[in-house]
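Protein chains: 2
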Amino acid sequence: MASIKDILIEMKNLSELMVDLAYSAVLFNSKDAANEVLKLENKVNGLNYEIKKQSLVAARSVEDAEKLTALLEIAEAAESIANAAKDLADIVIKGIEPHPVFKMVMEEAEELIVSVSVQSGSELCNKSLGELMLANRTGMFVIAIRRNEDWIYGPDKFTMIREGDALIAKGTEMGSELLKKLANSEIEVDEIADIVDEESQSQFDD
Amino acid sequence: MASIKDILIEMKNLSELMVDLAYSAVLFNSKDAANEVLKLENKVNGLNYEIKKQSLVAARSVEDAEKLTALLEIAEAAESIANAAKDLADIVIKGIEPHPVFKMVMEEAEELIVSVSVQSGSELCNKSLGELMLANRTGMFVIAIRRNEDWIYGPDKFTMIREGDALIAKGTEMGSELLKKLANSEIEVDEIADIVDEESQSQFDD
Chain L
1 MASIKDILIE MKNLSELMVD LAYSAVLFNS KDAANEVLKL ENKVNGLNYE IKKQSLVAAR
61 SVEDAEKLTA LLEIAEAAES IANAAKDLAD IVIKGIEPHP VFKMVMEEAE ELIVSVSVQS
121 GSELCNKSLG ELMLANRTGM FVIAIRRNED WIYGPDKFTM IREGDALIAK GTEMGSELLK
181 KLANSEIEVD EIADIVDEES QSQFDD
Chain W
1 MASIKDILIE MKNLSELMVD LAYSAVLFNS KDAANEVLKL ENKVNGLNYE IKKQSLVAAR
61 SVEDAEKLTA LLEIAEAAES IANAAKDLAD IVIKGIEPHP VFKMVMEEAE ELIVSVSVQS
121 GSELCNKSLG ELMLANRTGM FVIAIRRNED WIYGPDKFTM IREGDALIAK GTEMGSELLK
181 KLANSEIEVD EIADIVDEES QSQFDD
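Residue numbers (UniProt numbering), protein chains in the order written: chain L, 1 to 206; chain W, 1 to 206.
Keep in mind that the hints were calculated from the coordinates and are not lab data. Since no wrong hints were added, every one of them can be taken at face value.
Distance ranges between label pairs, derived from CB positions:
hint : chain 1 : residue 1 : chain 2 : residue 2 : range
1    : W       : N126      : L       : D156      : 33 to 41 Å
2    : L       : E63       : W       : E107      : 17 to 25 Å
3    : W       : K52       : L       : K39       : 28 to 36 Å
4    : W       : D6        : L       : S3        : 42 to 50 Å
5    : W       : N42       : L       : S202      : 32 to 40 Å
6    : W       : D194      : L       : S117      : 24 to 32 Å
7    : W       : M104      : L       : V57       : 15 to 23 Å
8    : W       : L56       : L       : G164      : 43 to 51 Å
9    : L       : S202      : W       : R147      : 21 to 29 Å
10   : W       : L56       : L       : D64       : 44 to 52 Å
11   : W       : N148      : L       : D194      : 32 to 40 Å
12   : L       : N126      : W       : N42       : 49 to 57 Å
13   : L       : V57       : W       : K31       : 30 to 38 Å
Glycine included, every Cβ here is placed at the ideal spot set by N, Cα and C.
Just chain L, same shape as in the assembly (with noise of 0.2 Å):
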């Protein structure tokens, strides 16, 4: 069971990442971000299949088939995810403009997406994901770095951030801002919770 357990948590993980990533595809125009999805959802095809089989394998009474069941419908739901990301990159792939509304929809929308620069002398440079702790500090989760003409595509607590970065991130717009404030050095990761308090307290006010 150890295995279709790590499949399911794979394909779960990459399901998720899939479409942020094929949202900021279609947000940036980048065909790399949208042919890294196309490479992603091989990928979970591929596991998909995997867990099919483990599944045959593991199960030894009817019992247990019903439950397995449920989890191949889990590792289904998981597959269609990817492919609904798939039709998203397809577009970048076919070379079709993003129509302006589309652009409108990523800054209304409850999650955003946002590409930021990381400046000289920003706290940020030199620094893990793991250590920053951007994701429980400002709500925003990195989905992929730039770097020069590489990019980093579902980056891990061990990623390194460098000067020079382009950070697609996603969350809130107040998270956004200050993404946006650290990787420019206007503020330092000790500011955030002051800003933070600031900005709950001005919710107060209204």
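Since the structure of chain L is already known, use the hints to place chain W on it.
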């Protein structure tokens, strides 16, 4: 175009909420949450029909039509994601108990979903989500609130948290810990930054 934009924003928001709600429904074996996903899926279908109709009216030239086609493909992708969420919710509606492995998958995936109960004396009580800015302070996004027998799905910044509420939220492992401690009144909001600093420091030491 305003209407097309607004429909697409709603489709994107709803499809993402549906995926989170559907995973929550399976995780907590909640027919209420699953039924909400089914209801929202109907809504997304209706919105997809509406956006197609509006696009036909808006297209004035071949160039227009091409750009609008990309918007419609984005709407289709949102509907596919909504359909995948419906398939997940159907597992719960069919009464299939989730395999114990699924709970482990959700605990080890990158984005966790947790349910935390707001205790009397918690600083969360009688504050709005907007004021609390939980997403920016902890990285946790509240997906739904269970209050007695009622549910609030996709709460907004005006939604008040009350004693006894069960908050269904997604985010990081560290964020889940912070939210649980806030809800248990083990910590106050203004202690979060120091706790995250300490955790960040320990990442440094490793």
